[in-house]
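Undergrad: Take these sequences, add in the hints, and give me the full structure.
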Amino acid sequence: MSDSVVQDPALDAAVKLHQAGKLDRAARAYREILAQHPDHANALHLLGAIELQSGRFAEAVELIARAVAIQPNVGVYHVNLAAAMRALGRIDDAIAEAENAIVLDEKLAAQGYHIAALAFADGGQPLDAIECWTKALAAQPEFAEAHLAIAGLMDSMGKYYFALTQQQHAERVSREQVAREPDSAPAHMLLGRSLEQGGKLDEAAAEYRAAARLLPHDATVFHALGRALYRQGQSDEAMTSLRFAVRMNPKLPDAHVALAALLLSQGRAADAIESLRTALSLLPDHVEARAKLADALAQTGEIEQAVVAARAAVQAAPHSAVARSTLLRRLLLDARVTPEELFREHAEWGKIHGAAMQFAFDEHVKWERRTAAEADEASRPVAIDKNPDRPLRIGFVSPHFARHPLAKFLIPLLENFDRKQFAVFCYSDAPPGGANDEVTEDFKKLASTWRETARWTDTQLALLVRTDKIDVLVDLTGHGEGNRLLTFGQRPAPVQVTQFGYPFTTGLSAIGYRVSDEITDPPGALDALHSERLVRLAHPAICFRPWERTPARLEARHASEPITFGCVNDAARLSLQTIQTWAKLMMAVPDARLLVMSSTRDVEATRARLTRLGLEPFRLIVVAPEQGTRYLDLFNQMDILLDTFPCSGGMIAGDALWMATPVVTLAGPMPASRGAALFLNSVGLDDLIAATPGQYVDLAAALANDRKRLERLAHSLRERLVRSSVCDARACAAAMMDFYRDAWRRYCLMND
Numbered sequence: 006m007s008d009s010v011v012q013d014p015a016l017d018a019a020v021k022l023h024q025a026g027k028l029d030r031a032a033r034a035y036r037e038i039l040a041q042h043p044d045h046a047n048a049l050h051l052l053g054a055i056e057l058q059s060g061r062f063a064e065a066v067e068l069i070a071r072a073v074a075i076q077p078n079v080g081v082y083h084v085n086l087a088a089a090m091r092a093l094g095r096i097d098d099a100i101a102e103a104e105n106a107i108v109l110d111e112k113l114a115a116q117g118y119h120i121a122a123l124a125f126a127d128g129g130q131p132l133d134a135i136e137c138w139t140k141a142l143a144a145q146p147e148f149a150e151a152h153l154a155i156a157g158l159m160d161s162m163g164k165y166y167f168a169l170t171q172q173q174h175a176e177r178v179s180r181e182q183v184a185r186e187p188d189s190a191p192a193h194m195l196l197g198r199s200l201e202q203g204g205k206l207d208e209a210a211a212e213y214r215a216a217a218r219l220l221p222h223d224a225t226v227f228h229a230l231g232r233a234l235y236r237q238g239q240s241d242e243a244m245t246s247l248r249f250a251v252r253m254n255p256k257l258p259d260a261h262v263a264l265a266a267l268l269l270s271q272g273r274a275a276d277a278i279e280s281l282r283t284a285l286s287l288l289p290d291h292v293e294a295r296a297k298l299a300d301a302l303a304q305t306g307e308i309e310q311a312v313v314a315a316r317a318a319v320q321a322a323p324h325s326a327v328a329r330s331t332l333l334r335r336l337l338l339d340a341r342v343t344p345e346e347l348f349r350e351h352a353e354w355g356k357i358h359g360a361a362m363q364f365a366f367d368e369h370v371k372w373e374r375r376t377a378a379e380a381d382e383a384s385r386p387v388a389i390d391k392n393p394d395r396p397l398r399i400g401f402v403s404p405h406f407a408r409h410p411l412a413k414f415l416i417p418l419l420e421n422f423d424r425k426q427f428a429v430f431c432y433s434d435a436p437p438g439g440a441n442d443e444v445t446e447d448f449k450k451l452a453s454t455w456r457e458t459a460r461w462t463d464t465q466l467a468l469l470v471r472t473d474k475i476d477v478l479v480d481l482t483g484h485g486e487g488n489r490l491l492t493f494g495q496r497p498a499p500v501q502v503t504q505f506g507y508p509f510t511t512g513l514s515a516i517g518y519r520v521s522d523e524i525t526d527p528p529g530a531l532d533a534l535h536s537e538r539l540v541r542l543a544h545p546a547i548c549f550r551p552w553e554r555t556p557a558r559l560e561a562r563h564a565s566e567p568i569t570f571g572c573v574n575d576a577a578r579l580s581l582q583t584i585q586t587w588a589k590l591m592m593a594v595p596d597a598r599l600l601v602m603s604s605t606r607d608v609e610a611t612r613a614r615l616t617r618l619g620l621e622p623f624r625l626i627v628v629a630p631e632q633g634t635r636y637l638d639l640f641n642q643m644d645i646l647l648d649t650f651p652c653s654g655g656m657i658a659g660d661a662l663w664m665a666t667p668v669v670t671l672a673g674p675m676p677a678s679r680g681a682a683l684f685l686n687s688v689g690l691d692d693l694i695a696a697t698p699g700q701y702v703d704l705a706a707a708l709a710n711d712r713k714r715l716e717r718l719a720h721s722l723r724e725r726l727v728r729s730s731v732c733d734a735r736a737c738a739a740a741m742m743d744f745y746r747d748a749w750r751r752y753c754l755m756n757d
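Residue numbers (our numbering): 6 to 757.
If you're looking for bench data, these hints aren't it; they were derived computationally from the structure.
Among the clues, some could well be false.
[Said to hold, decoys possible] Taking CB as the label site, the calculated pair distances span:
id	residue 1	residue 2	range
1	E346	E136	14 to 24 Å
2	K356	D532	18 to 28 Å
3	R751	E420	23 to 33 Å
4	G529	D743	17 to 27 Å
5	E631	K450	20 to 30 Å
6	S730	E136	51 to 61 Å
7	E443	E279	30 to 40 Å
8	D743	E147	50 to 60 Å
Quick caveat: nothing in here was measured; it's all calculated off a predicted structure.
The C-beta atom is built at its ideal place from N, Cα and C for all residues, glycine as well.
TA: Next comes the structure, spelled out in structure tokens:
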């Protein structure tokens with residue numbers, strides 16, 4: 006039936022509701038039209054457009070395809086069908102439909118080429134994408150969305166001067182559009198995206214708020230606002246916006262994923278898992294949802310499930326550096342993975358992402374040499390003074406310059422640096438309003454130069470590092486969440502190092518060194534399992550300093566009191582093997598109790614998992630997560646700390662020894678399993694380092710039954726720790742400065 010059969014007022018009213026962002030009411034109006042006229046192509050198309058806006062891509066394809074079948078010569082139908090197919094991952098179909106739209110209506114050339122370019126980019130064909138965007142901009146030079154998309158692609162390729170130019174152009178065009186159409190919500194949304202991509206989160210949030218005032222019922226607007234607020238560290242307001250978005254449109258996958266990320270940051274893993282599974286039920290190949298699900302499952306201790314989720318994320322997006330880093334973090338916790346397998350996975354990350362970034366860097370250097378006269382000052386090549394003995398600029402990159410385990414190692418190191426020889430630059434990736442506290446202020450005082458870089462893209466940060474003329478750039482995160490390895494992949498500094506934050510190779514050849522010691526990385530096979538040169542300092546590669554001065558309990562329990570074992574490691578480290586070994590230990594010491602601090606708010610879920618895996622509930626004490634002095638006081642409630650494996654808790658072992666609580670650990674071949682061993686070795690307690698699960702049980706049981714030794718340790722451990730090499734900050738700093746100087750001299754010699 007022809008569209009003309011339907012009275013114009015009914016369709017016009019539905020369209021007005023649609024334009025006002027009242028999508029549910031508009032959808033009902035379109036369906037009422039279709040109930041009377043099932044073949045009304047325009048109503049089918051517009052209802053499909055609502056489904057596309059709402060993230061219901063399969064439904065969108067079905068509806069718009071019906072419209073196309075009825076009226077195949079309407080170009081805009083093909084444009085929206087292409088967009089929906091692209092969202093479903095149907096890359097070839099999306100490109101074909103975009104081409105159909107261009108053939109049918111030359112006015113749609115810009116939009117058609119733009120969607121085709123996005124599809125090519127999704128399919129890992131960047132050159133084809135760039136060709137399409139070039140055609141889109143030839144048809145519409147001021148097409149802000151195309152400029153913004155090109156900026157994203159260029160940034161991922163490491164061509165940061167071009168990326169910045171395109172992003173700035175998109176921002177300029179978007180501002181002009183908002184000035185022309187101040188009451189246009191799409192214009193404010195586009196400007197918000199341009200500003201957010203450029204790291205201007207305050208301004209982006211303001212634009213999203215403007216769009217929300219114009220479209221108060223549009224879930225996509227409140228999702229964008231919530232995402233920007235979360236990135237700013239405004240968790241409460243972000244939660245309100247994201248919950249509103251989910252309530253307005255329960256079928257918007259991205260809103261569920263953003264909400265899950267916020268829940269995860271609050272330790273609400275179970276709620277996050279529910280949100281992520283909802284997102285995946287709506288869009289099974291949602292890469293970020295799968296990666297976040299891996300993190301959430303790890304927070305609950307379900308490591309094997311977390312690995313499965315992470316592999317699914319990589320399969321859905323094999324070119325995603327974030328997805329692969331998520332997988333690597335989870336494999337570190339999986340006892341089934343051999344060191345050789347783990348290295349192969351890390352090397353694959355470096356092969357895919359490192360090579361691409363190095364190619365982009367090399368191409369950019371060539372471009373710089375050709376265009377230095379025209380490029381802005383910040384993009385020109387930086388001349389490197391290769392004097393081996395001059396004062397050096399050391400840059401540290403981390404999202405954790407705050408009350409975080411990193412601070413216990415890094416602050417005493419920086420306090421003992423020779424400031425005549427080393428200028429310290431701190432590149433802080435902590436979100437504004439997020440992880441900034443009194444410890445952050447200590448870091449700021451210790452830094453020669455403090456940079457807040459959370460809003461900067463990887464390539465913008467690389468440009469800043471080069472502009473700062475950093476000689477030695479130090480990664481403190483490895484493949485941890487929020488890492489900047491793609492910045493390091495662009496080789497912005499002559500010497501690049503990874504240390505502290507990640508207990509294995511990065512797989513990135515652009516990083517020249519990984520700093521460790523002989524206890525954490527025993528000489529032997531591990532040397533070959535690194536893309537970096539593994540450097541073992543003669544001194545422990547950390548210098549530990551506790552924060553609180555909580556008094557330690559300086560006497561052992563009375564012989565009539567039951568022994569209390571304890572663990573305060575996060576659930577991600579509570580492997581199946583660890584819990585099964587604890588169950589055997591509890592059988593060997595039948596009167597003992599086990600105190601476990603839950604790392605999430607869901608204490609009962611932690612208790613249920615521990616009992617399900619063999620621990621007797623009446624001997625189990627599970628407490629909520631604690632911080633500061635309350636956390637340290639937990640050690641006064643236990644007699645022996647039980648370390649986890651295959652991933653150890655080194656910093657926690659240091660806290661335990663500070664609180665005069667002995668530690669039993671199982672040190673495997675991998676550095677991730679040897680954090681506690683380093684501390685025990687430093688205080689002369691190598692006899693509490695096991696090599697097998699059976700020996701772990703024997704050592705812990707023997708110590709539990711030796712009340713006199715426990716009493717001696719209670720009186721001596723804090724003093725032994727303070728006097729140990731692991732707390733000798735001056736010696737550690739000297740060893741570290743010598744290493745940085747030697748690495749710089751080696752660079753100068755090789756590049757003379």
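Undergrad: Each hint needs a verdict: does it hold in this structure or not?
TA: Going down the list of hints, with the structure as the test:
| no. | hint | in the structure |
| --- | --- | --- |
| 1 | E346 to E136: 14 to 24 Å | 39 Å, violated |
| 2 | K356 to D532: 18 to 28 Å | 20 Å, holds |
| 3 | R751 to E420: 23 to 33 Å | 27 Å, holds |
| 4 | G529 to D743: 17 to 27 Å | 24 Å, holds |
| 5 | E631 to K450: 20 to 30 Å | 28 Å, holds |
| 6 | S730 to E136: 51 to 61 Å | 60 Å, holds |
| 7 | E443 to E279: 30 to 40 Å | 35 Å, holds |
| 8 | D743 to E147: 50 to 60 Å | 56 Å, holds |
In this structure, the one hint that does not hold is number 1.
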